[in-house]
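Chains A and B, in that order, give the protein sequences.
Each number in my numbering corresponds to the 1-based position in the first sequence with 2 added.
Each number in my numbering corresponds to the 1-based position in the second sequence with 2 added.
Don't take every hint at face value.
Claimed, not checked - Below are the SDA-like pairs computed for lysine to any residue, each with C-alpha atoms no more than 20 Å apart in a straight line:
{"#": "1", "chain 1": "A", "residue 1": "Lys5", "chain 2": "B", "residue 2": "Glu174"}
{"#": "2", "chain 1": "A", "residue 1": "Lys5", "chain 2": "A", "residue 2": "Glu17"}
{"#": "3", "chain 1": "A", "residue 1": "Lys114", "chain 2": "A", "residue 2": "Arg104"}
{"#": "4", "chain 1": "A", "residue 1": "Lys12", "chain 2": "B", "residue 2": "Asp152"}
Don't read these hints as lab results, they were simulated from the structure.
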Amino acid sequence: MGKMTLEDLKKLREEKRRDLQMRDTENKNIQIIVGMGTSGIAAGAKQTLDAFLDELSDQNLTNVAVKQTGSLGLDHAEPTVEVIMPDMPRVIYGRVDAEVARKIVRKHIIGKALLNGHIFDRPAADIVQGKSGKTEA
Amino acid sequence: MHYTLCDFILDVFQNGVEAGGTELAVAIREEDSEVAVMVTDNGPGMDEREKQRAIDPFYTAGGKHPERRVGLGLPFLAACAEHVGGSLNIDTAPGIGTTVQFSLPTACVDTPPLGDMAGTIRVMMCYDRRYEVTVERSRAGRGYVVRRTDLAEALGELESAGSQTLLRDYLEQNERELHRTED
Numbered sequence: 003m004g005k006m007t008l009e010d011l012k013k014l015r016e017e018k019r020r021d022l023q024m025r026d027t028e029n030k031n032i033q034i035i036v037g038m039g040t041s042g043i044a045a046g047a048k049q050t051l052d053a054f055l056d057e058l059s060d061q062n063l064t065n066v067a068v069k070q071t072g073s074l075g076l077d078h079a080e081p082t083v084e085v086i087m088p089d090m091p092r093v094i095y096g097r098v099d100a101e102v103a104r105k106i107v108r109k110h111i112i113g114k115a116l117l118n119g120h121i122f123d124r125p126a127a128d129i130v131q132g133k134s135g136k137t138e139a
Numbered sequence: 003m004h005y006t007l008c009d010f011i012l013d014v015f016q017n018g019v020e021a022g023g024t025e026l027a028v029a030i031r032e033e034d035s036e037v038a039v040m041v042t043d044n045g046p047g048m049d050e051r052e053k054q055r056a057i058d059p060f061y062t063a064g065g066k067h068p069e070r071r072v073g074l075g076l077p078f079l080a081a082c083a084e085h086v087g088g089s090l091n092i093d094t095a096p097g098i099g100t101t102v103q104f105s106l107p108t109a110c111v112d113t114p115p116l117g118d119m120a121g122t123i124r125v126m127m128c129y130d131r132r133y134e135v136t137v138e139r140s141r142a143g144r145g146y147v148v149r150r151t152d153l154a155e156a157l158g159e160l161e162s163a164g165s166q167t168l169l170r171d172y173l174e175q176n177e178r179e180l181h182r183t184e185d
């Protein structure tokens, strides 16, 4: 296969969209926000981002929004990731390497359970107890 | 710390985006003897005093995190360029924007490895802000150009995991083509 053109990319998108549109219509309100500041990049945030894309693709969750931002302000815990989704508290996870990224997809997004060992800022303990229903170590 | 050249490039680019640049251009030229990079933005620019302080690790403009007292992206690059015998030039003016140019010799053992170029360009295209960026990538006479607007039009949007996976495949294929040896 030679150099890809924008036309090739459009065709690929149409093929994928036909494959996936029946399976993935419920995940448009889920956001994964990866901190990509200097310390995040140095700590491997690009690999984290790639792992999210791979796992979301493997799980057919292609409508999930994956966003990038600068530092989330928790440089000691990079790479950091914020997850926003309906019926779950807004959470910042820290020290998210590729393996943790895959766990976040499987446990938080699919299983609707928190990964307590990596929660660094939100939610506060009372919010976790009160709203999310279940927690998971 | 294991910084790659791509990490330096992304850091300089992100400075331009976060400073409020809406039109950015990146040129990455890889030759036998050097890697040369130019990142241009139309952000607020800097006066001479700010420009000198931009390579001071114990200074930050503080816009993103007012409590923070360090800014390490450009200082790391300046230290690296000096250490390996490369060059760094910052051309900037208030109200005009900033151009950061650097080149690093490939022969020096301390020059960082290039890193994940396809992943870096993908990240440049997908910050959650309104801006346009054109990336010109070349290696030994071959090259390709990508523009954010064109990619967004081809994929419909650049936000979903599905679009970003396709964008990754697209850029990786074009990078492989740059590295392909002639039959």
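Worksheet item: Does Lys5 (chain A) pair with Glu17 (chain A) here, judged by a C-alpha cut-off of 20 Å?
Response: Holds. Lys5 (chain A) to Glu17 (chain A) sits at ~19 Å (cutoff 20 Å).
Worksheet entry | Pairwise hint evaluation, Arg104 (chain A) against Lys114 (chain A), where the allowed Cα distance is 20 Å at most | Judged against 20 Å, a Cα distance of about 14 Å means the pair holds.
Fill in: Satisfaction of hint between Asp152 (chain B) and Lys12 (chain A), Cα-Cα up to 20 Å
holds (10 Å)
Worksheet item: If you draw a straight line from the CA of Lys5 (chain A) to the CA of Glu174 (chain B), is it 20 Å or shorter?
Response: This hinted pair holds, its Cα atoms lying about 10 Å apart.
Against the hints set out earlier in the document, no violation occurs for any number.
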